[in-house]
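Asker: Listed below, chain by chain, are the residues.
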Amino acid sequence: MQMSCAARPLIGAVCVGISLAAAPLARAEDPGPIRIGVIAEAQAVAGSSIPSAAQLAADEINAQGGVDGRKIEIVSYDNHSSSAESVRAFQRAVSEDHVNAVIGSYVSEVVLALEPWAGRLKTVFITPGAASDLITANIAKDYEHNKYTFHGYLTSSSIARLVCDAAKDMLVDGLKMKTAVVMSEDAAWTTPLDASYAECLPKIGLNVLDHIRFSPDTTDFTPIFNKIEGEKPDVIITGISHVGVQPTVQWKSQQVPIPMFGVASQATNSTFWKDTNGATEGVAYQGVSGPGVAVTPKTLPFVDAFQKKFGNIPSYCGYTAYDDVYIIADAIHRAGSTDSDKLVAAMEKTDYVGTIGRVQFLPEGDPHVHGLKTGEGLITGLFLQWQNGKQVNMWPSSLASGKLQFPSFVKTGTAAN
Amino acid sequence: MLARILKSPPVWISLIVVAVASTLPLYVSGYVLGLLTIAYYFGVFSMAWDLLFGFANEVNFGPTFLIGLGAYTAGILDSLYQPPIILCIAAGVAASVTGGVVLALPALRVRGPYFGLTTLVAVLMLQNFVVVAAELTGGEIGLTVPDVISINDRTNYWIALGFMTVSGAILYGLSRSPVGLILQASGQDAVQAAALGFNVTKHKLAAFIVSAFFSGLAGALMVFYLGAASVGTFIDVTVGVQVIVGAVLGGRRTILGAAIGAVFLIAMGEALRPLGDLSTFIVSAIALFVVLVFPGGLLGMLKGAREAT
Amino acid sequence: MLFWQILIDGFAISALYALGATGFTLIFGVTGVLNLSHGAIMVAAAVAAWAAAGNWGLGPYLGAMFGVGVGVLLSLATYFLIVQRLQRSRAIREEEKEIFILTATLLWGIMIQEAIAYLFTNNAKTVLPIVEGVVTIAGVRTPANEIFTACVCWLAIGALWLFVNRTRAGKAVLAASMNPKGVTLLGIELSAVYVAVWAVYGALAGIAGVLLGMFLGVSSYSAGPLTASAFSIVVLGGLGSVSGSLIAAYIVGYLETLTAYLISPAYRAIPALLLLVAVMYVRPRGLLGRR
Chain A
1 MQMSCAARPL IGAVCVGISL AAAPLARAED PGPIRIGVIA EAQAVAGSSI
51 PSAAQLAADE INAQGGVDGR KIEIVSYDNH SSSAESVRAF QRAVSEDHVN
101 AVIGSYVSEV VLALEPWAGR LKTVFITPGA ASDLITANIA KDYEHNKYTF
151 HGYLTSSSIA RLVCDAAKDM LVDGLKMKTA VVMSEDAAWT TPLDASYAEC
201 LPKIGLNVLD HIRFSPDTTD FTPIFNKIEG EKPDVIITGI SHVGVQPTVQ
251 WKSQQVPIPM FGVASQATNS TFWKDTNGAT EGVAYQGVSG PGVAVTPKTL
301 PFVDAFQKKF GNIPSYCGYT AYDDVYIIAD AIHRAGSTDS DKLVAAMEKT
351 DYVGTIGRVQ FLPEGDPHVH GLKTGEGLIT GLFLQWQNGK QVNMWPSSLA
401 SGKLQFPSFV KTGTAAN
Chain B
1 MLARILKSPP VWISLIVVAV ASTLPLYVSG YVLGLLTIAY YFGVFSMAWD
51 LLFGFANEVN FGPTFLIGLG AYTAGILDSL YQPPIILCIA AGVAASVTGG
101 VVLALPALRV RGPYFGLTTL VAVLMLQNFV VVAAELTGGE IGLTVPDVIS
151 INDRTNYWIA LGFMTVSGAI LYGLSRSPVG LILQASGQDA VQAAALGFNV
201 TKHKLAAFIV SAFFSGLAGA LMVFYLGAAS VGTFIDVTVG VQVIVGAVLG
251 GRRTILGAAI GAVFLIAMGE ALRPLGDLST FIVSAIALFV VLVFPGGLLG
301 MLKGAREAT
Chain C
1 MLFWQILIDG FAISALYALG ATGFTLIFGV TGVLNLSHGA IMVAAAVAAW
51 AAAGNWGLGP YLGAMFGVGV GVLLSLATYF LIVQRLQRSR AIREEEKEIF
101 ILTATLLWGI MIQEAIAYLF TNNAKTVLPI VEGVVTIAGV RTPANEIFTA
151 CVCWLAIGAL WLFVNRTRAG KAVLAASMNP KGVTLLGIEL SAVYVAVWAV
201 YGALAGIAGV LLGMFLGVSS YSAGPLTASA FSIVVLGGLG SVSGSLIAAY
251 IVGYLETLTA YLISPAYRAI PALLLLVAVM YVRPRGLLGR R
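Protein chains in written order, with this note's numbering: chain A, 1 to 417; chain B, 1 to 309; chain C, 1 to 291.
Next up, chain A with everything else stripped away, as it sits in the complex (with noise of 0.2 Å):
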C-alpha cells in the first residue's frame, strides 16, 4: 500500500500513541500469579498430607491455564503443631509473602490461634481438617470481624451425628448392642464431640455407662482399658486424633474384649496398619475417604495422581486441602477478583463438586455459618474398618464393600453377623 509522505509519521504516532495506551493494560492483564499460603504440620503423618496436596491441586489448574491466565503459586509454611508458630507464619505470608488466602491446619487449635488472625489481616482462611465447633461459632458471632474464616471439614458435632448414624445401622440393628462407654483425649475438637455424642447416642438405643477422658500425653493406657472393661459395656465409642498408635496396640496386646468404634482420626492413615504391627485390626473409624471408595467421580483420579505424584495414599486432609485449592480457585474465578470481601461473597455461593462430597458452605444466620453443609447429596462421610492390612468401608451401605469383623479377643454378644 502506498502511503504519502506526510501519513507515516502520523501513523508512527499513532501506533506509539496506541501501544503507550496499551501498555498499562498490559500491565493491567499480567497481575502476577495468585498465591496460596498454605501452613502445616509437615512432620506429622496426617499433616504432611497438606502441602502435597495443595500442590497437585495448583499444578492441575495450571496446566489448565490457570485461573483466567493468572497461574497458582503454594508458599508453604511448617508450623511444627505449634500455635505461636502458625501465628508468625500466617503473619509472614500476607505481609512478607503478599498471598491472597490460606489453607491452614488440622488441629483445632491451631486454627482457632489463626481465626482472629484472619480477622484482624482481613485474608480468607480455609481449614481442610480441624473439628472443633468453636470455629463456626465464632464467625456466627461476630460474622463482620470473622468471616474471612470457612470451615472446610465436619464439625464435631456433625461427625459426632455422622458416628451415631452409623452405630444405628450396623452397631444396634445389625449386632443388637445395648450399652456404651465414650472415651476421648481432652482436647479443644472433643469437646462437642462428647456432647454431642452424650446426645445422640442414647437417642439411638446406646446407653452411655461412662465417659472417660484422658490427657492428649497418656502413654499408659492399662488402667483405662482396665476401668472400662469393669464396665462391661458392649462397644467403646473413640473420639481420639492426637494419640492413635498407642491405645491401639495396647487394646490388642491386653486382649481388651469390646471392641473400638468411632473416631480416630490416625487410623484414617494408609501406614496405621505399620505402625501398630497389625494390631488396628477390626477398628472402626469414621472417615471422609477410603482406598477404592468412589465417594465422587473426582475422589479415585486425585488418589491416583497423589500416589504417582508423592509415593503414598493421601491423608484425610490431602482430600479437603485439595478440594479447597480449588474452591478458591473457582471462587476468584466468580469474584473477577482476589479482593478478600469479594472472594468471601464468592465463596458463601460454593456449590462444588470435591473429593468427599458435594461442597456446600452454610450462610450467614446458620449458628454454623461457613462449616460444611452436610446429609444425602452433600457430604456423609463413609464408616470404615481395618481388616488383614486393608481399610474395607462399611457405611453407607451404597459405598460399602465389607461386613463388620471384630478379633477373636473381642466379644460381641448377640452377634447378628
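Since the hints were derived computationally from the structure, they do not count as laboratory data.
Glycine included, every Cβ here is placed at the ideal spot set by N, Cα and C.
Watch out, some of these pointers could steer you wrong.
In silico negatives: residues of chain B with every beta carbon more than 12 Å from chain A [said to hold, decoys possible]:
{"id": "1", "residue": "Pro9"}
{"id": "2", "residue": "Ile13"}
{"id": "3", "residue": "Thr155"}
{"id": "4", "residue": "Leu278"}
Label pairs and their in silico Cβ distance ranges [unchecked claim]:
{"id": "5", "chain 1": "B", "residue 1": "Phe294", "chain 2": "C", "residue 2": "Thr167", "range": "37 to 43 Å"}
{"id": "6", "chain 1": "B", "residue 1": "Ile13", "chain 2": "A", "residue 2": "Gln307", "range": "38 to 44 Å"}
{"id": "7", "chain 1": "A", "residue 1": "Thr296", "chain 2": "C", "residue 2": "Asn55", "range": "32 to 38 Å"}
Where chain C lies over chain B, by a calculated footprint (3+ residues, C-beta under 8 Å) [stated by the list, open to error]:
{"id": "8", "stretch": "97-103"}
{"id": "9", "stretch": "116-128"}
{"id": "10", "stretch": "244-254"}
{"id": "11", "stretch": "286-299"}
Since the structure of chain A is provided, determine the placement of chains B and C on it from the hints.
Answerer: Relative to the frame of chain A, chains B and C by itself:
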C-alpha cells in the same frame, strides 16, 4: 565509676547497636519487627539468667518457672477481672519474685547438681499445675488474654527494645558494681567470700530476686504482646533451653552476650525456616558446635579475635 | 481383683523405670555426668528397633538387638564427641564444666530427637513385640509382653550387679566411681573404664528403650519426659546410688499406678512430683544418696 563503665568498649558498642536497632521500624517489615520483639524479650530472659549463673554461679534449669509465673499470673488476672494492664504486670512480677524466693530457699541450701534439679522440678510442677487446673489457666490449649498493649508492630517493637535496653543497663551495671563483684566472688569461691565477711547466702538470694524480677516482668510484657499464653511458649523445658543456650552461646558472665545470643538464636531459627523440619536440628547443632569449640561464646569469640590482633 | 491388677501393672512399669534410672545413675556415679540426652537415646533405640523389625523386615529379635546396638553407639558418640571433649577442654574452668556438659548433652538430645522426627515423623511407634498373647495371673488377664518386660529389666539389672561385683572390669568401674586417681595408680587406664561404662550405659538405655517401645510405644516427643522421669527418680533415690534408684523407681512406679487406677489417669504424675518436692525440702540427698 560511671564514666569508666561508659568508656568501656562493650558498652558504647551496645549503645550504637541499640541506636541502630531503634531505626529499624523505618525500613523493615512488620513481620521482622514482630520477630525481633520476641527476640528482645528472650534477650531479657537470658540476661536475667546470666546474672544468676554467670555471677552467682547457680545453674538455674528452670528459668521458665519464674517466667511462667510472671506471664500466667498477669494473663489469668487479666482474663478474670480485666484490671488495668499495669496492675496485671505488677501482679505478675510480684508472683515471680515470690516464686523466686520460695525456690531460692531450698535451692540455696544445696549445691551443684541438686540446685539445678530443684529448679527443674519447679518447672515440672508449674507445668503440671497449669495443665491440671485447665479451667483457670487454659491448660494445654493455652490462655487468650483479652487485652494487648498495642496492635501496632512499631509500638510493640520500641517497647521491647526499650525494655531490653533498660534491663540490660541495670543488669550490666549491677554486674560491674561492688555488689556484682561480691556475687562473682561468692560464685567462684564461696568459702573465701564468707571468710572475707560477706554474707554469701544473702547476696545469692538478692541475685535470685533480681533475676526473678526481670524474668517475671519480661514474661508479663510478652503475654500482653502476644495476647496469649501457653505452656509451649512460656513454661516448657524447651523454652528454658532456649534461654540458657542463648546465654551460654552469647558468652557467659557478660550479660550483654546473653542478649546477643538470645537474639541470634531466634533470628537463626527464623532464617532457617525454609528448611522446615531440619531447622531446630541445625540450630541445636550450631549451638552445640559453639559450646564445644568456643566455650567463651560469641562474645568470647570476638574478644579472642581482638586479642589475637 | 483390682489389687492384683495394680500389683502386676505397677511392678512392670516400675521395672522399666528402674532400668532407665539405673543407667542414668551409673553414668553419674562413675563419671559425674548428668546425661540430659538420656531420653533421646532410649527413643532412638526404640525407633531403630521398630525400623529394623518392621520396615526392614528383620523380625523382632534382630530388631531388638539392632535397637540396643544403636543405643550403645549413640551413648559412645555422646561420650567421645561431647563429654570427653568438654572434660578435657582447657578453655573452661573446672567448676563450669558441669554446666557445659549439661547444656551440651541437652542440645545433643534435642538434635537426636529432631533427627528422629525428621526421618520417621513424630508419630508414635510401637516395636514388634517378641512375646505376644495374654496370661492370666490370679484372675487378672495380663499381656505376656508385660511379664516379659519386667523379667528382662530385672535380668539386665542382675547382670549389671554381677558385672560390677564379680568381674574385674566391673570392680574397676566401681573403684573409679569412688576414687578415679586411685584407679590410675593401680595401673588401670581410666579412659578405658569410662568407655566401658558408657558402653554399658548405652546397652541399659537401649534395652529400656526397646522394651518401652514394645510395651507402650514411643514417639520423638517422649524423649524429654523420659529424661525428666529418670532424673526425678534418681534424685529421689539419691544421685549415684544404684540401689536408691531401684527403690525410688518402685516407689514412683507404684505411686503412679495407684493414682491412675484409684483416682484418675489424668493425675498420674502428680503424687510422684509432690513426693519429689517434699524430698528436696526435707532431705535433698535423696533416700540413699551419698554425694
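Asker: Which of the stated hints cannot be reconciled with the structure, identified by number in ascending sequence?
Answerer: 4, 6, 8
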